[in-house]
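Peer 1: If you want the building blocks of each chain, they are given just below.
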Amino acid sequence: MTEVVELNQELATLSRLLVLGALTIYVVSFLLLAWSLTQKVSAGKNDKAANLVEKIGLGVMGLAVLVQFVGVLTRGIAAHRVPWANMYEFSITGSFIVTFIYLVATFFKDIKFIATFVSGFVVLIIGSANTLFYVQVESLMPALQDYWLVIHVSVAILATAFFMIAAALAAILIAKSGKSKSKLLKVFPTVEKLQKLSYQFNIIGFILWSFTLIAGAIWADKAWHRFWGWDTKEVWTFIIWTIYAAYLHATTTRGWEGKKAAWLTLIGFTAILFNFTIVNLFFKGLHVYSGL
Amino acid sequence: MASSQQSKYVVRKEYNEPIEAPDLTIRSWLRWLWRQLTSMKIALFLLLLLAAAAVPGSLYPQRSADPNGVVIYFRNNSDLAPWLDKLQLFDVYSSSWFSAIYLLLFISLVGCVLPRVAVHYKALRAEPPAAPTNLSRLPEYKKTAIDKADLSNAIDYFKSRKFKVVVKGNEIRAEKGYLRETGNLIFHISLLGVLISVGLGGALTYSGQRVLVEGESFVNNEAGFDSLSTGLLFDPKNLTPLSLKLNSFSTTYDYLNPSNYAKPIDFIAKVTSTVDGKKTDSTIRVNEPLMLPAAKVYLTGNGYAPDLVIRDANKNIVFAGPVVFLPQDSNMTSLGVIKVPDAPEQFGMMAFFYPTVGQLKTGALTSTHPYTWNPMLSMNVFVGSLGLESGMNTNVFDLNTHGMKQVAGGKSGIKAIKLTVGETKTLPENLGTVEFRGIKRFASLDVTYNPAELFVLLFAITTLFGLVLMLIIPRRRIWVMKTATTVEVAALAKSKDEALGKIVSEVTKALKKKKKK
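Listed in order, the protein sequences are those of chains A and B.
The numbering of the first sequence is my numbering, which starts it at 1 and goes up by one.
The numbering of the second sequence is my numbering, which starts it at 1 and goes up by one.
These aren't lab readings, by the way, just hints derived from the structure by calculation.
The model shown is predicted, which means the values in this text are computed figures rather than measured ones.
What you were told as hints is all true, and nothing was included just to trick you.
Computed, partial: chain B to chain A, Cβ under 10 angstroms: (1) 43; (2) 46; (3) 52; (4) 207; (5) 258; (6) 268; (7) 286; (8) 288; (9) 300; (10) 463.
EDC-like cross-link-like pairs, simulated, lysine to aspartate or glutamate; straight-line CA separation at most 20 angstroms: (11) A/193 <-> B/498; (12) B/494 <-> A/257; (13) B/502 <-> B/140; (14) B/496 <-> A/192; (15) B/263 <-> A/138; (16) B/263 <-> A/6; (17) A/196 <-> B/140; (18) A/284 <-> B/329; (19) B/296 <-> A/221; (20) B/270 <-> A/3; (21) A/222 <-> B/453; (22) A/109 <-> B/497.
Cβ atoms here follow ideal geometry from the backbone N, Cα and C, with glycine treated the same way.
This is chain A alone, in the form it adopts within the complex (with noise of 0.2 angstroms):
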């Protein structure tokens, strides 16, 4: 029999205090980063000043992602539970992982260009997390109680960064084999490179994206009594990983390899954000755990 714990609302606004918290030091790091990048502008790629902000800036983003993890953590404390059980707690722990995987590739890959992005990208998260699906700390209905939300739902998130770190290096893509001679633009690496480096994200969310699917069958199969039934999420889990499956086609395919597969990279993570949003709130299925 499932225990009745005793949920700790105090822990819970201290969270909520943390993750505002990591908020503002997010915008502090955004405004940094993109100070940056205009100097990087206007004075070029290796102008000093400018490449000392972004340091500085990347730092300050460290410690928003460390203050973002306290909060996250109380959160998990709070409800006796892993954070991630509805949209809002779902929203926070997956800005945190976006932000923690990409400040980690940064150490393997040349990739502080996009930092102003990502950083943007998570105050809009975090800021609309905190708006518009804020709910207090609930249990977990009977439907969730498995070990399976740890496996399928953490995968999902780790998946949804990695496409997200793409997505970021496929816009810049666009933008740069376009007709612009935007100043801008030069201050980022080359088609090729970017090109390399939104591939090498893509094939790992896409693999983790595999997993989910798969995991999420198996925990349907079990909760659901059927591993497949074209549920609303399931239809895009499948929608996604079919405009994924496609964009690796494309990267092979002479002639789509460049722009055209940029261009699928950022169908894929409208979708993704669509599956997120507003198949979520507003389509009828049996994921409904937006809490809301």
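Use these hints to put chain B onto chain A, whose structure you have.
Peer 2: This is chain B only, laid out in the frame that chain A set:
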């Protein structure tokens, strides 16, 4: 624009599958069609088409996932719905157009992958291919001046990194990463396996639904189910012989936390199953189906079943037993229908059950809590033919009041009959009495078995395995050419490979080393 035209031209020129103009013979036309179908561009196109075709299934209710939604859609859009139905928009995933797309995609897959299996099998046993005539045109190339270079250092380099190496005179051919193509083939063939297993599973599966009130039991055969759907190849005679009794059903509510006060935390159905004469007690919960041989039993719903006794004017019992009431909201306001065909004059009742009765501002009754803290039953009575003799299959949860006269509740002038547990009330029109004997819980159970499920899972796992191999492992070919005074090192990869340049420099460095003594 000039630049974009130029780039298009380059693409055309390099495009390695020129589109042949079809000539007039059927055979060559078919060959042309086959080549088109198995090309990468078509696979890409079909994938995008499949993604787009899946969208309407999330916009319109689907008969497979939400049959009730389809009924409601038909009711609200009576003009449009039949047209949408003709386009199979309520059965998207079994529609002819959706099936056509994925079948074409899989034909394309087979046509593309099978020849590659043969090619890859040969490549695995063959030596790395000879160097292209002009090495400097490869993506990575380095020419270094070394007098009478010794190739053995480079060979050692390749061998220590598990390359397949052959030396032909002054040329080294090395290749590595065959697992990339192996993974790619495993991935695509496994997808085919998933599709076939899903199809086969659909034909061999069954799924039966049964509502059981506490104390009731049922047998796993056609007559034992309220509804049973079977695949094309499943014979209901092959249903696993078993019986199941619902001993008790209970819900755990949270009374501790204001944020989810009175929300259900756990649903527990205690059952006794009998298989081959062996009785076993078990618990079924959400996420915890009962696993029996060739049958899985799931808990899919629950509610209240008020236990009623109805006596006619002469005190003869004309109806007795629990009646399943369907929950209408989260506080379990429930709706039930009682039909009394054996009374001297047929009558039926449409009744609401409120586990914890409360009143809305309008004066209407409602339930304010899902648990039976203050239960009440409220009944509207209709006199007249129940239509059971017509031979038509009538729904037990629906009372067709057409042609019946309402004698209690509504506009009949007589108030609806309200009962609390233990009470007996007199029915109007000398129909007799109704007694509310007690409350039982019911559980909706789903018994299902899909023999191909395990294969779907296995193929899904190999799909993932193949995917990881094909995306992570780089396939590389390296050539070293020696002349009297120079060494050329060149490399080619099947994918975007950042390490290629590094390998070429390392090989060159190895060649510069002095001979090992």
